[in-house]
Structures are given as structure tokens and as C-alpha cells.
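Following the hints, put chain B in place on chain A, whose structure we already have.
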Amino acid sequence: MVHQILFIIFGLICVAGAINLLVQRHPINSALSLVVVMSSLALIYLLLGAEFVAAIQVIVYAGAIMVLFVFVIMLLNAGAEERTKGSHIALLMGVPAVTVVACVVGWIMVSQRHEFGEVGISPTNFGKTEAIAQLLFKDFLLPFEITSVLILIAIMGAVVLGKKES
Amino acid sequence: MNTVDLKTYILVAVIKIALVIFILLTGVAYTTLLERKLVARIQNRWGPTRVGPFGLLQPLADGVKFILKEDMVPDSVHKGLYILAPMLALAMSLIAIAVIPFGESVAVRNLTLPLQITGVAHADGSLSDINIGLLIILGATSIGVYGVALAGWSSNSKYSLLGSLRASAQMISYELALGLSLVGVLLLAGSLSLRSIVDSQIQGGRWLGFLPHWYIFPQLIAFFIYLMAAFAETNRIPFDLPEAETELVAGYHTEYSAMKFAMFFMAEYVNMFTVGCLATLLFFGGWHGPALPFLPPILQMLLPVFWFALKVFFFIFLYIWIRGTLPRFRYDQLMAFGWKFLLPLAIVNIIVTSFIVAWRA
Chain A
1 MVHQILFIIF GLICVAGAIN LLVQRHPINS ALSLVVVMSS LALIYLLLGA EFVAAIQVIV
61 YAGAIMVLFV FVIMLLNAGA EERTKGSHIA LLMGVPAVTV VACVVGWIMV SQRHEFGEVG
121 ISPTNFGKTE AIAQLLFKDF LLPFEITSVL ILIAIMGAVV LGKKES
Chain B
167 MNTVDLKTYI LVAVIKIALV IFILLTGVAY TTLLERKLVA RIQNRWGPTR VGPFGLLQPL
227 ADGVKFILKE DMVPDSVHKG LYILAPMLAL AMSLIAIAVI PFGESVAVRN LTLPLQITGV
287 AHADGSLSDI NIGLLIILGA TSIGVYGVAL AGWSSNSKYS LLGSLRASAQ MISYELALGL
347 SLVGVLLLAG SLSLRSIVDS QIQGGRWLGF LPHWYIFPQL IAFFIYLMAA FAETNRIPFD
407 LPEAETELVA GYHTEYSAMK FAMFFMAEYV NMFTVGCLAT LLFFGGWHGP ALPFLPPILQ
467 MLLPVFWFAL KVFFFIFLYI WIRGTLPRFR YDQLMAFGWK FLLPLAIVNI IVTSFIVAWR
527 A
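First to last, the protein sequences are chains A and B.
FYI, the numbering for the first sequence is 1 to 166, going by the numbering used here.
FYI, the numbering for the second sequence is 167 to 527, going by the numbering used here.
No lab work stands behind these hints: they were computed from the structure.
Beta carbons: idealized from backbone N, C-alpha and C, even for Gly.
Every clue listed holds true.
Beyond 10 Å from chain B on every Cβ pair, some chain A residues (computed):
hint: 1; residue: 7
hint: 2; residue: 8
hint: 3; residue: 11
hint: 4; residue: 14
hint: 5; residue: 30
hint: 6; residue: 48
hint: 7; residue: 89
hint: 8; residue: 94
hint: 9; residue: 136
hint: 10; residue: 147
hint: 11; residue: 157
hint: 12; residue: 161
Reference listing, derived: stretches of chain B covered by chain A, where coverage requires no fewer than 3 residues with Cβ under 8 Å from a Cβ of chain A:
hint: 13; segment: 294 to 304
hint: 14; segment: 311 to 325
hint: 15; segment: 328 to 336
Excised from the complex, chain A in its bound form:
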């Protein structure tokens, strides 16, 4: 019961943050809305019992990455954006497409609802730090290492590009 109430609260905050992200005209406000979205996502992970993922979501996404976003916006001193009228293609294609996708997803959810299991705090080791460590460093060691090499390459690329300009 408490779980459901909390889920609804954080779900609503999350959606409200996402809408606010689009509506706001100033980049800083949009970035902060994204922080709200990410933090409430973290709380939803926490409700599922995935505590480690929740903490990492806050530290890495809401903390480090978004602080960098805000930092860059502050550094460039970006002002409020001007609104355009919007393109006709977006209006003609985008709105029907979104409606169709939303309808399909909703229809699947409703018609197949008996197929879905319930998710709650599981008594097992699911989502605990040890379980994730087992997965990352034992079962999926190779993909994990390859991903880290990929990120390293991206960092080096950024350094090279940064050097070139000066």
C-alpha cells in the first residue's frame, strides 16, 4: 500500500519534471527539471529494491553528469531561448506517431496485464550491491570491460579534440 502511494507520487513527480523540461525556456530550468526526473527515477528504483542502482543513479546522473550540464550552461551564460512556431512536419507526423505509439503500448498493457508479474521488494539478493558485483565482475566481465574501454576511447577522443582547438 505504502509502496503504491510512493510509486504514484514519484511517478507523477517524474512525469511533471519531464514535461517541465520541455516547457521551460531557460536551459538552466530545463537542466534542473532533468535532475528532478533522474532523482525521482532513483527513488522508483529504490522502491523496487534496487538500492545500489538507485544510489548510483543519484551520484552519477543527478550528481556528476547533470552538474556538468549546469556547469557548462553557467559557463557559456546561455540565455532564455526564443520560441519558434514549430515545424509543420513535426505537427503532421509527430503528433499522430506519438498517439499511435501510446495507443499501442497502452493496448498491450491492458490486454496482456495478466501476463505481467508483480514487482515488489524481493526478499532475495536482487538489487543488492553484492548481486550486482557478481553480475558485473563474474558473469558479464567481458562486456563490462569492453564498455569501459569504449568509455576510455571516448575520453581520449574528447582530450584530442580539446587539444586541437587551442
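Just chain B, lined up with the frame of chain A:
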């Protein structure tokens, strides 16, 4: 899982929160006095002496002054964010305290109350706390950066903006070193829960037969890195560039006055406390200390809290001592120190520690 019902749990939690915040903010107020007194002593002055005996009522007078001062909001600030920023800074620094255990537990009637806001007592009398306590502290600190960053930006002033740019760059850089310095301790303890980290320091016997089994001894390098990074995270001298008064007036809180300024001030000091508590828990055996069997039972119960407070006091003292002693870093020195010295050192420490842990296992 927990033995008490929800209503009792919430009631107890609210009482604990109120108590902790009251004690903490009183502590913060008196730390300012301690700081003024100590720095004065270091500089061969008296410090505040006029309000009350030895100036003991000075924090009270300061508090009254902050509350009664006119709350100025400059004309061209971004008002929403300008008001949000100090609240965010203070709230996040207080959230971090919620996961810190101050001692074992106290028994009130038939309830076992862990001395920790988020602690839970089980039916068999054992205590547990959040598995990811340490990560919550790191998370709260990383969100707290927004308080400082937004304060500077929303003030719409050069000095504030420069201060907050410095602050966010500095806090992101040193958060890495801070987080990595803790990994060594985590490898030895095998848990992220602060309570089990403390327990694992007590169950381990003694180093070399006489030293307590505190993690400071095997993790001296990690402690050094932690201490440096913690000074930078809390924007204290010698890393107080975000508010370097000789260059930036007062940095990110230049445009703030009255209670809003006081909130930044409180946030900074609460962060000092958090950092001190964390160092106590991770490196200095938490609330454990020599037993004093001659004390009456009621004092026996509070003895762990006393040891804890004493260790935290040591760190607060160290903070002030260093403030009175060291000059400020230059900005490039600060960045080079963080990225080129502390970070590699922390990584080397992790590698060596993991090899030793793997070899012993």
C-alpha cells in the same frame, strides 16, 4: 522485518530527526564560536568575550542577528533559483546526517532504539541500517553541489558566478578522489553499511597486538586522501577558493544576506560535521572506545555517543587548526593536486589493497 509497527516507527523517527537536527545545529552554532576563539588564540587575540561568560552566548546573539536582519533580494536575480539554492544546500547537508550511526542503541521501555535515524532494530536485538549508507552520503553531497552552483548563477553577479564555477569544478574533481579513497576501507570491511563497517573494525582484534583494529592504520594513505578531499568538498581553507575573499568578495554567497546567508553557513558547517562523522566511522572505529566501568549506568549508556562526539570534535578541531595555519592554494595548484596527485594515489591504494585482500582470502 522490523518489529515495531509503522505508527511507532514514524513517531520515533520524527523524534530522532528533531533531536539530531537540534543537537547538530546547536553544535554548528558553537563550532562557529570555537572557530573564532581558536583562530583568535592562534593569532594571539582573545576572540569574542563580551556576550556572556567567555563569549559563550555569542552564537545566540549571532542567531538573533541573522533572524532579525533585513532579508535583501537584489533586483536582477533569478528569484526562484536564488531562494531555492540555500535551501537545497542546507537540506542536502542535513539528509547526509540521516544515515550516520552515533552508537549502538538505547532501550526505552520495551523499544530498542538504534542511535541512528535510519537504523532498524530486529526482534532478536540485532541492529541493521541501510545497506548503501555510504552511497547515500555521497549522493546527498553530490546533489548539494547544486546549492552552491545555483547560488552563484542565480545571483547574477560576476563574483558569485566565478565563485560557483570554481566551487562546482572543485567539488566534482574532489568527489572522485573522496569516493575512491573510501574504496580501500570498503574492500577491508566488505560492506557499504556504516554500521557493519564499524562492527568489522571491532571484531578484528588488534593490529600488532596493541593498536585498535581501526582502518586508519592499514589505510593511512586512504585517510590522507580522504582528509584532503574532504577539506576541498567542504570548501574550507586551504581549498576555500569558491569564497576566496581577497579575489571574489565572498564567492557564491556574495549577494545573500540574513537567514539565506546563514543557511549556506550552516550547510558548510553541517558538511564539516558529516565529513568528521564519516572519518570517525570509517577510519577511527566509530563509537567504540575504552570502557569506563566506574561510571553510573545512565552514563554508561551514553558513553559510545561520548566517544563518537570526541572523535568528531577532533576533526572539527583539526579543520579550525588548519584554517588558522595554512594559506590558500592557487586555483591551478588545486586542480593539479586533485587530478594529478590525489586521484592516482587513490587508485594505487585501491590496487594495492585489493591485492592484499585477495592474497589473504
